[in-house]
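Trainee: From just these sequences and the hints, can you work out the full model?
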Amino acid sequence: MLQHQNNIAQDNITQNNIIRHGPLTELAKIALDVLQHVLILIAFLMFFSFVQVATAEEDQSNSLFLVSQNPRVSLSALMVKTEIDMRITGMINRSKVTQVFKNTSNEWVEGIYQFPLPASAIVDALQIQMGGQVINADIKPRSEAMRHYQSAKNLNKRTALLEQHRPNIFNSSIANIAPGEEVRIEISFQYMARFEDGEFKLRFPMRVQPRYISGDIGTEQEDFNPGRLKKYKSSQVSSQTGGKSPVSLHIELDAGFPLAELESRYHAIKKTNHGLGRYSIRFKFGAVLAKRDLELFWRPEPGQLPRTALFHEKFKGEHYYFAMLYPQQSDQQPEMSAQALLNKEVVYLVDTSGSMAGASIRQARDTILSALTDLDPEDYFNIITFNTQTHSLFEQSKPASVFNVARARQFIAQSNARGGTEMFPALRKALTSQDSEHRRRQIIYLTDGAIINERDVFGLIRNNIKKNRLFTVGIGTSPNSYFLHKAAKVGRGSYTYIGDANEVSERLGKLLKKINRPQLQDIGLVINSGLVEVIPETIADLYESEPVIFSIKTKAPLAQIKLVGYRYGEEWSRQLSLNDSNNGFGIAKHWAHQKINMLTEDRSEQSEESINNLEKRMTDIALKHKIMSPYTSLVVVDRSLAHVRSRTQFQPAKPVILADKQSTFIKTSQVIPLSAKTATDAQLKLIVGLISLFLAIVVRIFLRRRYPSKEWF
Amino acid sequence: MRFLSDKVLKWILFILSVIAVYFLASAFYIPVKAVIAQNLLHTAWQSTLAGASQVKPWPWSDTWPVARLRMPELNVDQIVLDGDHGSSLAFAPGQRVFHFTDKSSGLTMISAHRDTHFNFLQDVKLGQTIELQNEFGEVKKYQIEDMEIIDSGKMGINAPAQGHWLTLVTCYPFNAIDSSGPLRYVVFAEEVDPCVDKSCLS
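Just so you know, the sequences run in chain order A and L. So in this note's numbering, spot 353 of the first sequence is number 353, and the numbers just go up one at a time. So in this note's numbering, spot 101 of the second sequence is number 814, and the numbers just go up one at a time.
Think of the hints as simulated: they come from the structure by calculation, not from any bench. Built from N, CA and C at the ideal position, the CB exists for glycine as well. There could be a bad hint or two in this list.
In silico BS3-like pairs for lysine-lysine, Cα to Cα no more than 25 Å straight-line [what the hints assert, rightly or not]: (1) 838(L) / 140(A); (2) 854(L) / 140(A); (3) 746(L) / 677(A); (4) 624(A) / 769(L); (5) 595(A) / 140(A); (6) 81(A) / 102(A); (7) 314(A) / 140(A); (8) 769(L) / 685(A); (9) 746(L) / 685(A); (10) 677(A) / 838(L); (11) 677(A) / 769(L).
These stretches of chain L come out as covered by chain A in the derived footprint (C-beta under 8 Å, 3 or more residues) [as the list claims (entries may be wrong)]: (12) 719-727; (13) 789-803; (14) 825-831; (15) 893-904.
Mentor: So this is what it looks like as structure tokens:
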């Protein structure tokens with residue numbers, strides 16, 4: 001097609017040269033010039049739209065799809081802008097993301113849009129503004145929400161649906177957008193900032209990457225809503241990939257203590273200090289084009305950070321607590337005992353799949369090389385790489401002797417990024433290779449996380465972690481934070497994100513230093529109350545860089561709890577008084593979200609019957625707390641909304657009536673008249689009858705009065 | 714009334730009485746006919762289900778039962794006649810089926826009088842289930858998704874883009890005296906996929 005158009009353009013140029021000058025020919029020349037430009041432009045646009053449609057199937061992330069019922073119409077939608085609005089109080093971040101897009105076609109269309117949110121985001125509200133109306137959505141069980149959406153859509157009404165596609169990927173659908181109409185979608189959610197290395201961090205994803213679907217294991221994807229977009233032919237779908245529309249930012253931060261530092265790692269920001277740790281933050285140059293995730297961090301002034309943070313919320317007669325135990329500063333730590341230092345084994349597990357190619361694999365190599373220089377000769381180590389196949393340096397971990405490290409360097413130099421991500425056998429090898437009773441094995445897992453059969457991996461880790469610990473490191477521009485965070489949680493370790501190649505040695509060094517010195521291990525809770533639920537069930541170890549976090553739900557308010565564990569190898573315990581905990585907004589929602597996550601993790605290990613029970617429990621929790629989940633969606637069910645399309649499309653069409661049983665064949669776009677006469681005159685007759693009866697009685701009474709003696713009827 | 718002679722008054726009384734009796738009788742005849750017809754139709758429906766087709770409920774009938782409409786929640790159980798012209802609506806709700814050229818969707822429209830058979834429409838609620846049995850005995854379930862008041866003089870209803878729909882149509886408002894008003898009360902119900910329904914599991 002491109003070739004053909006270019007030929008026509010070429011022809012015009014040749015003609016152009018033949019024509020001699022003169023007022024008319026001058027005009028013709030201009031006309032031909034214009035025509036030529038137009039043709040080139042058309043050829044270019046056709047090529048461009050072909051490319052877009054071709055990529056639409058693979059890269060559905062962060063793209064807007066407009067779906068028309070008319071397959072001949074090619075559509076283009078325009079993502080106008082995205083606004084991010086955040087209110088951060090302490091660690092809890094209430095956020096609102098507003099997406100504005102425009103239907104640039106001449107058709108009534110359905111807009112389907114997929115976008116990422118933080119993996120821990122708890123979505124609880126959706127508002128749509130279109131056609132001058134503001135519509136709020138309700139939380140409903142997923143299938144019910146879908147049915148409401150479909151039927152409203154089929155009735156040509158305005159409607160919208162927001163579904164959780166994956167834990168960190170959301171799908172929104174808006175039906176019956178008028179030609180040229182602008183739609184505003186406002187999504188409200190909350191999530192927690194992370195505390196790490198003495199600083200608070202807040203990440204917000206701006207784009208996600210396509211995922212590799214593994215072939216052999218993981219028969220079931222953890223995809224809540226498989227292939228909703230796939231049912232549309234590519235000719236019906238047009239897309240605009242993310243990263244082209246501007247994103248603006250407004251954050252109000254109330255840290256709760258004076259800050260020594262407040263910065264954004266990848267974007268230039270403008271901050272206004274209102275005192276006492278309160279700030280307003282915006283992008284320095286207004287709106288930016290989203291190419292990198294937003295990462296904001298802030299650090300308290302030395303000595304300002306409390307040892308614990310406790311929040312409490314009462315919701316529907318139940319008490320919810322959120323507790324956080326901050327690590328101690330390194331200068332307050334006692335020396336590790338020689339015994340604790342000896343028990344060390346590190347296994348590096350490196351993703352060398354195709355999605356790691358380029359900067360990611362270079363970063364991974366740098367990471368391993370800098371890690372090897374940190375090893376002591378007494379430490380045990382091993383390196384395992386995986387793509388479609390698994391390769392390991394040694395069959396069992398070996399001491400980090402000069403000879404063994406040299407072999408490791410050689411091994412790393414040979415690793416190239418290609419093929420798929422078959423991480424399962426590699427992880428199994430790292431987890432199940434022979435244990436030594438005297439060592440705690442630390443597995444450091446480097447990946448960009450672009451895999452899909454996550455659930456099987458969690459089961460594998462859970463069943464094999466024992467006293468070992470798994471630390472995940474996400475590298476590249478957009479690792480799958482959800483997967484890596486959760487894998488680390490199941491593996492009782494932690495997750496580190498490294499976005500910039502220049503930060504690799506610094507941040508990996510930090511991680512290794514951190515895992516060298518656990519402050520508290522095998523932490524447990526003692527609570528003197530019968531009806532208590534604690535999340536997580538197993539509490540992670542406390543390191544120098546990360547706090548320990550847990551949530552509690554009780555029927556009766558709690559006075560205090562006791563923490564027990566091992567501090568640098570010695571038994572340790574501590575009382576926490578809950579009477580003076582702060583009232584926090586969103587603590588109950590946080591608990592509900594954690595609980596649903598926990599139940600979701602359990603799912604893979606359940607029988608079919610108990611999965612049904614589990615799903616019902618999760619649905620009930622989500623509905624009670626009015627939050628989105630894999631089993632609940634937000635849908636607009638406002639019944640007052642007009643049949644927007646029938647009003648504008650109505651023509652008094654007369655259907656063809658066929659002889660056969662009054663069946664009528666009509667076109668889908670046709671309007672069916674309501675011709676039947678559906679009221680009787682029974683009421684009218686009744687009234688006329690009653691009035692006549694009344695008059696008759698009046699006349700009879702009159703006649704009786706006049707002739708009282710006479711008999712009447 | 715002194716200027717009126719006794720004779721005239723007597724005639725007035727007689728005429729008024731005749732009018733009263735006629736109108737009251739015909740007013741009561743309409744609902745009575747609707748109820749009695751339903752009983753006759755149930756018999757005709759049984760023989761339709763037994764395999765006969767186009768069973769006329771009474772010899773001079775120009776229509777025949779085609780469906781049985783049930784809403785257990787509201788104690789509704791009615792036999793539906795073919796066609797929605799006035800002569801059939803006096804006895805029962807009337808049905809018209811619309812098939813669409815692309816066959817992926819369909820619409821069954823049942824109309825009835827607001828003051829007899831479809832008086833119950835003012836009590837239906839969203840989410841309630843309507844059961845419709847066809848001539849072959851198959852029962853299809855529809856869930857009420859929407860209700861709307863439509864001016865039939867200016868608008869129709871749009872053919873559904875997808876799905877199989879049942880619309881119940883009657884006049885509006887329900888207690889109006891005028892029987893020729895243009896407003897229609899339309900209940901939209903979509904066929905429930907038998908295996909989406911929870912009863913399918915148990």
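Trainee: Tell me, which hint numbers fail for this structure?
Mentor: Those not satisfied are hints 4, 8.
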